[in-house]
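Trainee: Residue numbers (the numbering used here), protein chains in the order written: chain A, -2 to 395; chain B, 3 to 182.
Just so you know, not all the hints are guaranteed correct.
Interface residues of chain A toward chain B, partial, derived using beta-carbon atoms under 8 Å [unchecked claim]: (1) 13; (2) 14; (3) 46; (4) 56; (5) 71; (6) 266; (7) 270; (8) 275.
Okay, the calculated bits of chain B under chain A, using three or more residues with CB under 8 Å as the criterion [as the list claims (entries may be wrong)]: (9) 82 to 92; (10) 154 to 167.
Keep in mind the hints are simulated off the structure, nothing from the lab.
Because the structure is a prediction, the values reported are computed rather than measured.
Here a beta-carbon is modelled for each residue, glycine too, at the ideal position from N, C-alpha and C.
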Amino acid sequence: MSIERNVAVVTPWYPDAQRPYRGSFVQAMAAAVAPGLDRLDIYHLDGWAVSPEPARLRRVRDLHTQLLPRAMKAAEAVGGASLYRFPAIVERSRDHAVHARRYAEWLGVALDGRRIEADVIHAHVPMLGGYAALEHCRSGAKVYTTEHSSFLPEVLSQASSRELYDEILHRSAGSFVVGAPLHDLIAEVFPHHAAKIQYIANPIDFTAGREQAPRDLRRWLSVAGLVERKRIDYLLQAFAECHAEDGTLTLTLAGEGVLRAALVKLAEELGISEAVSFIGSVDPGDIPALMADHDLLVHTSRHETFGVVVVEAIAAGIPVLVTRSGGSDQVLAGIEEDAGRLVDVVDDPGAFADAFRDLRERHPGKTDLGRAREHLRAKYSYEAVADHHHRIWFGAAA
Amino acid sequence: MNLLFLAPAASRKRAVAVETRRAVEDGHRVVLIAEAGIRRQGWEDLDPRVEVDWLDANTLSATESPALAVLARRLPLGLLRRLGRGPLRRPADKVARRWERWVVQPLDRRLRAGTTALREARQLERIRARLEYETPDWLVVCEPKALELGIEFLPALLAERPGTITTYAYEPARGGDDAR
Chain A
-2 MSIERNVAVV
8 TPWYPDAQRP
18 YRGSFVQAMA
28 AAVAPGLDRL
38 DIYHLDGWAV
48 SPEPARLRRV
58 RDLHTQLLPR
68 AMKAAEAVGG
78 ASLYRFPAIV
88 ERSRDHAVHA
98 RRYAEWLGVA
108 LDGRRIEADV
118 IHAHVPMLGG
128 YAALEHCRSG
138 AKVYTTEHSS
148 FLPEVLSQAS
158 SRELYDEILH
168 RSAGSFVVGA
178 PLHDLIAEVF
188 PHHAAKIQYI
198 ANPIDFTAGR
208 EQAPRDLRRW
218 LSVAGLVERK
228 RIDYLLQAFA
238 ECHAEDGTLT
248 LTLAGEGVLR
258 AALVKLAEEL
268 GISEAVSFIG
278 SVDPGDIPAL
288 MADHDLLVHT
298 SRHETFGVVV
308 VEAIAAGIPV
318 LVTRSGGSDQ
328 VLAGIEEDAG
338 RLVDVVDDPG
348 AFADAFRDLR
358 ERHPGKTDLG
368 RAREHLRAKY
378 SYEAVADHHH
388 RIWFGAAA
Chain B
3 MNLLFLAPAA
13 SRKRAVAVET
23 RRAVEDGHRV
33 VLIAEAGIRR
43 QGWEDLDPRV
53 EVDWLDANTL
63 SATESPALAV
73 LARRLPLGLL
83 RRLGRGPLRR
93 PADKVARRWE
103 RWVVQPLDRR
113 LRAGTTALRE
123 ARQLERIRAR
133 LEYETPDWLV
143 VCEPKALELG
153 IEFLPALLAE
163 RPGTITTYAY
173 EPARGGDDAR
């Protein structure tokens, strides 16, 4: 007799009409794991901040309690999954434990007293998806969590959140992270759970890609938000230095952010406006083609939980020139020379420019993108990531 | 069906544009009550077939009396600034900081609360006026502010018309709209 494979995903991030790219890695994970499952239900709890004024808050909560069960209908999602999307009302608060408890509470209201039916629940972001899943799983169900949050240090700096996070780790059947920085942080704060924290990858599309590696690294591409952490100002300065030596170089900046106007101005001041294109946000589905249309991925982030763009670039068949931001180092471990070049996170843009000169000398003779691609495909392709999840959920027989 | 989208703060413009277009293309009549904002910025993608009631509540702001502005803000702070240019810089800065904290900030808070009250009154007035002659089959509560304002009229509306569909987005349900 075969046992049904019913899985639920609980997540605070999932693409929607307002933010079509937010949580696209959760959508990719769902698309990867859906084949081979009998049923996949996705619960997307979207945080809505409301006034903390007690009298109003009470009335808003009463109204939401009345409306939520009426609104709970499944929409069609990737891989034939059912998507249940609803707002989790949270009074404006900096206390992450408050957010966690509210998410759990509203999932309970949405389920109208029932439990999540699946035997396996995989929750994204332990504090939000994880705690909600643990509070509403049925007896005997296994709850796994994956941590992606770049704001985890702030969460764990709060005593109440730390205590709740400890409880979540304790109650979860398995706890996963997408990169070494998150692993190290959790292991440091909760040494008693260190052995429980394992790696899991976000799936990357390896089906498309350039047939030939680029010959000359002239067309640079950055896929990153225009925010301080990504250090696009530093990238522009490094690019300006290289552009002064080779006027045929171009730089495409894919991404949006609060620094856009300041960065456009900086490009003007550096005299590289004509060589730099700000193309705004790009649909995740269009990223592989965009990458394949360039010669080099450049990434100057200070800190990353996972080097997703690095994997995407190599999957698309272009080398990378990236900073040691945590996630990138881990992704390129053992294939750094083949895939491109890593650069230390330093303030001097000249270091990045020097690294470019070095890579340009080595490429393509002393790089091996094919080998790097196959190395990463074994870890990050949809098939590999699906197989990993299925083995975690259903054992070696999966 | 008659759909009414409520977006009084216009905090999810992109979603509203996408979902209202989707609803129109599904053959529904769509009315949107939304904040226009400055020169309707961000609303460029709205489908012209959507009937819109612009709220223009953001044009309203609470004001304080000129006498209060002079006596509580300009005069004391100007005086302290002038004193701060001389040898009394430290004590003057200290007093100015305290004045800001104990006098100016509470006044600012009062102004903000007054502005919120004015705007909410306008928003509610317009929504209620529309609901006087509009009988939506389906209400889409698009954003947190719609829910916060909804406490003033939604419970009564649903008690009167319990068959009204209410959702937080317009997304095609599995099995079509009948599944709702």
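Trainee: Find the hints from earlier in the document that the structure breaks and name them by number, from lowest to highest.
Mentor: The structure conflicts with hints 6, 7, 8, 9, although it agrees with all the remaining ones.
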